[in-house]
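Visitor: Let the hints inform the model, and build the full structure from the sequences given.
Chains as they are written, first to last, in our numbering: chain P, 73 to 703; chain C, 15 to 600.
Check each hint, because a few of them may be wrong.
Claimed, not checked - Simulated coverage check for chain P against chain C, where a stretch passes if three residues somewhere in it have a Cβ under 8 Å from a Cβ of chain C:
no., region
1, 376-384
2, 388-396
3, 487-498
As the list claims (entries may be wrong) - Every beta carbon over 10 Å from chain C, so not counted as near; a handful from chain P, in silico:
no., residue
4, GLU532
5, THR640
6, LYS671
Read the hints as simulated data drawn from the structure, not as lab findings. Here the structure is a predicted model, which is why all the values come from computation and not from measurement. Ideal placement from N, C-alpha and C gives every residue a C-beta, glycine not left out.
Chain by chain, the residues run as shown.
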Amino acid sequence: MSQDSASLRQPRFAIGLGLAVLLALLAIGPLLQPGYFWGAHDARNSVYFLFEFDRSIRDGILWPRWGPDWGFGYGYPFWNIYAPLAYYVGELAVLVGFEYTAAVKLTFALSILGSAASMYLFARRLLGRAGGLIASLLYVYMPYHLFDLYVRAALAESFAFVFIPLVFWGFFELVEHPRLRALVGAAWAYTGLVLTSNVLLVLITPTVVAYILVSTLLHTLREGWSRRRGIAPMFVNFIRRAAPSVLALLLGFGLQAIFLLPALAERNYVRLDQWFGGRYAFGGDFVYFHQLFSPAWGFGASVPGPDDQMGFQLGLLPLVLFCLSFLTVARVSNHLVRWTLRFWQLVTVAAIFLMTPASLLVWRGVPLLTTVQFPWRMGVLTTMGLALLGGAIMARRATPPSSVQADGVPGWAMRSLIPLALLILMGAYPYLIAEVRDPLPTEGPVSLAALFRYQQASDEMTGTTAWARRIPSWSPLAEQVIRGEGINTKVNYSVIPNDGRLGVHSVEMSTVHELVWVYAADDQQSVTFLTAYYPGWNAYIYEDLKYPQDDLKARVGRLIARAEIRTTRDEGWIVVRVPRGEHFLELRFEDTPVRFVGKAISVASFVVALFLLALDPLRRSSRNNTGVRVG
Amino acid sequence: MAAVKLGISLRHAYGRGDVTIAALGKPIARYRYALLAIALTVFVWAPLTYPGYFQVHSGFVPLFNLLHLHRTSLDPHWVPSIATHYDMVRGDGLLAYYLARLWMALGATPVGSVKAVFAIAWVLGAFGVYWWCHPLLGAPGACLAALVYSYLPYRIAAVYVRGAWGEALCLGLVPLGMAAVSAAYPPTSSKRAIMLSGLIWLLIGLSQPGLAVWAFLCLLGWWALSDGRRSRLPRLLAAGGGCAGAAVYTLWAAGWHTVADRVGFFGHFLYPAQLVSPYWGFGPSRPGWNDGLSLGLGLAPVALACLTLLLLVWGIRTGQAFPSSGERMSWRSPFLIAAILILLTLPLSAMLWQLSAIWQLLTYPWQLIGLAGMFLSVAAGGVLHLRPRWRTPPMQTVLIGFVLLASYSYLQPRYIGQELPTRPRAGWGGHQILLLNVNVEVEIPPMAAGLSISTSGRLPLSEYGMPRPGDTLHLVLTWQATRVLERDLKLFAHLLDASGNLLAQADPFLGAASDPDAPGKDYFTSRWEPGRLVVTDVAIHVPDDAPPGPYRIALGLYEEATMQRWPVDDVPDDHIILDLSERDIL
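Guide: Have a look at this one:
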């Protein structure tokens with residue numbers, strides 16, 4: 073049995089983990105206020121994204137891709153390009169009975185506790201219990217983390233904080249001691265991260281790859297030099313050592329394929345200027361040097377120039393600890409741990425540089441960075457780095473040569489643990505504020521009508537597909553809902569001629585399909601749906617059985633043909649040509665081949681992961697029987 | 015051969031995984047605490063990197079005079095004269111201007127040069143305290159002392175509230191001066207040490223002469239209470255010579271310039287509560303207890319100094335005493351000197367000040383807080399020296415973090431983002447109140463046609479052209495007080511025709527509806543904070559039957575009670591004239 077798993081079973085492990093989670097409870101304080109922080113930047117988005125997600129789930133769609141009410145009811149493939157995992161968590165709360173705002177707050181709370189736990193587990197692996205506790209505290213109370221929680225109310229990014237330490241923990245294990253559990257764990261952690269925030273995919277993946285390359289290379293070189301090996305054997309050893317990490321990445325990509333493959337392959341079918349242009353272009357959101365150190369805090373907007381109305385500080389104590397880490401990291405005897413910490417020193421410095429205007433050329437030269445949208449998003453990396461390096465203050469000079477820090481906490485560490493923890497809490501205390509207020513009429517209470525008012529007032533959730541030349545600013549569907557009527561059909565009756573050549577009657581509708589009965593006097597008739605076209609929308613013509621007369625749905629007969637879909641010129645609405653006579657027309661949002669392949673890959677990867685997990689204890693058991701040390 | 019050795023050591027080092035340390039190795043490890051002390055001052059000077067300036071009591075006076083110095087050829091007799099009266103004893107010394115001028119010669123902007131002087135003061139102060147305290151307190155203690163000194167609330171206020179750059183520079187140099195006299199040198203370096211002491215104290219004397227004298231008195235006290243007086247005597251004398259040299263130079267360069275006691279020195283003693291108050295503000299010092307700025311010693315210096323005292327007392331009682339009486343005496347020095355300086359800021363010392371006449375060296379008695387804070391910082395650093403168990407990295411982090419956190423919230427200056435004027439438009443009352451900027455706008459009536467309006471119903475005069483009868487003019491005036499104004503002043507704006515006849519006038523209270531914090535509310539001059547920018551908007555309607563232009567506006571200030579106009583500085587008149595026929599009236 074490995075020392076690590078033995079230590080995991082010890083009561084002291086549970087105490088340390090429990091303490092890390094307990095101390096994170098203070099960060100939840102603002103969420104316990106009655107009401108919701110409607111004024112936070114993405115607070116309304118968080119609620120209405122969950123509202124839309126819930127609509128799809130209640131329609132029986134377990135992996136939603138289409139958001140039916142985006143764009144004033146015209147719909148948008150939001151969940152096809154935006155990672156949904158955080159909203160699954162929120163949805164669980166909604167299904168249990170929480171209202172939307174409470175469910176969002178609960179998700180935030182779980183993200184805080186989860187991130188405390190995950191950072192404790194990773195940092196404890198490197199630095200021992202005391203170091204793990206300090207790193208966990210710093211991670212939760214880092215200004216950027218609190219900024220994501222209470223100033224931005226960025227649900228996805230806040231939830232992603234849970235997975236970042238787990239990702240790096242997994243790959244650390246794969247470099248230090250490759251085994252199947254670690255491979256599957258790393259793959260799952262990486263999948264969790266990507267399925268929570270695809271923006272962080274752009275930030276974290278290169279960092280992970282760099283970490284794998286650097287640590288594997290250094291490990292290989294160290295072994296090679298100490299054993300005086302040649303270049304070729306060292307190269308083979310490098311490949312051998314890197315293989316588990318690469319396999320973990322591949323397995324992760326496989327598990328994510330259900331989301332990632334369509335998101336990448338079909339991203340150009342939405343108007344990307346709404347995601348990366350205008351106020352989402354990176355040029356005006358650099359952080360000035362003084363802002364990195366300023367105690368200023370606010371809930372206003374990020375504006376071009378140095379006078380932002382919100383805080384971008386890195387954190388006083390984290391920076392003090394970062395400076396001290398250049399002294400303390402050298403004390404760590406385990407070389408891989410030491411390299412890992414040095415790697416994070418480098419990443420932190422690089423991330424800080426990329427936040428500042430001095431890095432403009434880099435942003436212009438690396439197009440992928442534009443998907444990050446705002447330079448201050450590098451705070452995700454600085455949060456991770458500063459927290460981990462802060463925990464290194466507890467690293468002691470004499471450590472055993474084994475890869476796991478001794479579980480006992482030395483006396484000097486215990487004496488300073490409490491005052492240091494108190495100081496961290498004290499430093500973060502002024503920032504534990506959320507601007508709770510009543511919703512404006514354009515924000516809530518949460519309902520479809522409020523959603524449309526919100527879209528109109530804020531120009532948020534008005535995404536359109538690439539077939540639309542004009543971004544809508546209102547719609548007849550929204551008008552209907554505001555008047556108190558529901559949306560029972562998306563057929564555009566306003567373009568149906570009055571001369572009786574075309575008759576349409578909606579039979580049933582859900583978030584991703586509508587069945588209509590249609591009469592066409594000739595073959596020149598078309599039915600227009602107030603739905604934005606996107607790949608996956610298909611139209612089918614069915615025979616009208618004519619019986620029973622009083623139940624239209626029961627009269628749907630065999631499939632006659634798959635109808636051709638066109639779009640309107642400016643709005644990109646779906647237009648379906650119908651044949652002469654009486655038929656049923658069904659418009660349905662289905663998987664495209666890319667989505668189907670993505671699903672299949674994910675299922676296969678899931679099976680492989682389960683298989684590997686099942687294999688791991690068998691392998692360890694067989695090694696035990698042969699007397700070889702395991703773990 | 016050296017390269018081979020370096021390569022071998024690198025390879026060995028790499029084998030241990032310490033490439034960086036091996037390469038840069040010993041110097042960094044040896045001076046790590048000094049580097050740490052300097053690096054951690056970043057929070058306190060980071061606000062200086064804001065791309066603009068900040069609102070401080072001294073306003074833009076340093077900038078105006080720096081630009082003036084820049085424009086003059088290297089004149090050793092130059093003194094600051096724009097919007098200020100030079101006081102060779104109590105005012106900003108010449109060194110700050112010379113340093114800033116040097117920065118400008120290297121390509122820095124005027125604003126950047128002024129801010130660079132502040133930054134240099136901070137870094138030098140941290141380094142100086144470290145150098146001075148290292149023999150006494152060891153590296154960790156010296157590092158802590160350096161940080162306590164850097165984050166003194168008084169020093170932060172001196173920069174970000176008062177803009178007292180001469181005083182800030184002086185406080186930055188004094189620890190260097192203390193170190194230069196106090197440090198132990200090998201006998202072979204004694205001549206260099208003497209010269210260094212003289213030079214540093216010459217610079218201190220040039221930075222803020224009055225405060226430099228007090229710093230020298232503190233040095234005398236420190237010397238008197240420490241060991242090795244004899245060996246340090248030459249350096250002490252050199253320091254005194256340096257101070258005297260500074261006085262001689264200033265006298266030669268600037269002549270005898272002093273300003274009478276404008277603020278009432280004896281009305282500005284501190285009350286004990288103020289010394290420990292966490293209050294932070296941007297207002298002026300007022301007679302009595304209700305000062306508008308922070309004059310406290312700071313939580314961290316006081317708390318840590320008390321802790322050191324407790325450790326000393328406990329050490330003596332438990333017999334863990336000090337190896338020699340010499341060390342015991344040196345521990346007394348910072349506490350004794352700090353206590354004396356603090357007492358001198360309190361009202362009970364008024365008699366002493368009056369009898370000694372030494373009050374004429376300073377503008378306010380509380381200017382000694384900076385020096386008191388320096389000695390408290392030394393005492394604070396003693397915590398790590400007396401308690402070796404606390405020298406672990408985590409405990410050092412706790413102490414350093416406590417020091418920085420105690421002052422962190424003070425590091426938010428009132429920034430100014432807009433372009434700064436190169437000199438004031440005019441001044442009144444001996445530069446008490448400055449008119450920095452004048453913009454004239456013409457109100458566009460709603461019925462106007464054929465004009466492209468980009469503003470809310472107004473056009474700048476430069477775009478509108480000559481005003482005509484029937485137009486309503488808006489004078490947008492930017493003001494700045496350099497001192498507390500004791501009364502509410504009124505502004506008169508007289509519209510004159512080409513012959514000088516009065517056509518229309520406006521006589522509002524200056525600051526009406528101009529509160530920077532509450533737009534629309536009044537902010538009369540008696541409430542003005544020195545350094546705060548106040549923008550007033552005065553409307554004057556050109557009568558419909560007025561003769562055609564060109565027009566002029568006579569602008570001035572007066573007191574309503576006496577109807578007495580304030581004279582305009584440096585001109586023999588009581589008003590300024592704005593000629594509206596010029597496109598650029600600035």
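Visitor: Hints first: check each against the structure and report whether it holds.
Guide: Evaluated hints:
| no. | hint | result |
| --- | --- | --- |
| 1 | 376-384 | holds (count 3) |
| 2 | 388-396 | holds (count 7) |
| 3 | 487-498 | holds (count 7) |
| 4 | GLU532 | 28 Å, holds |
| 5 | THR640 | 37 Å, holds |
| 6 | LYS671 | 45 Å, holds |
Every hint from the earlier list agrees with this structure, and none is contradicted.
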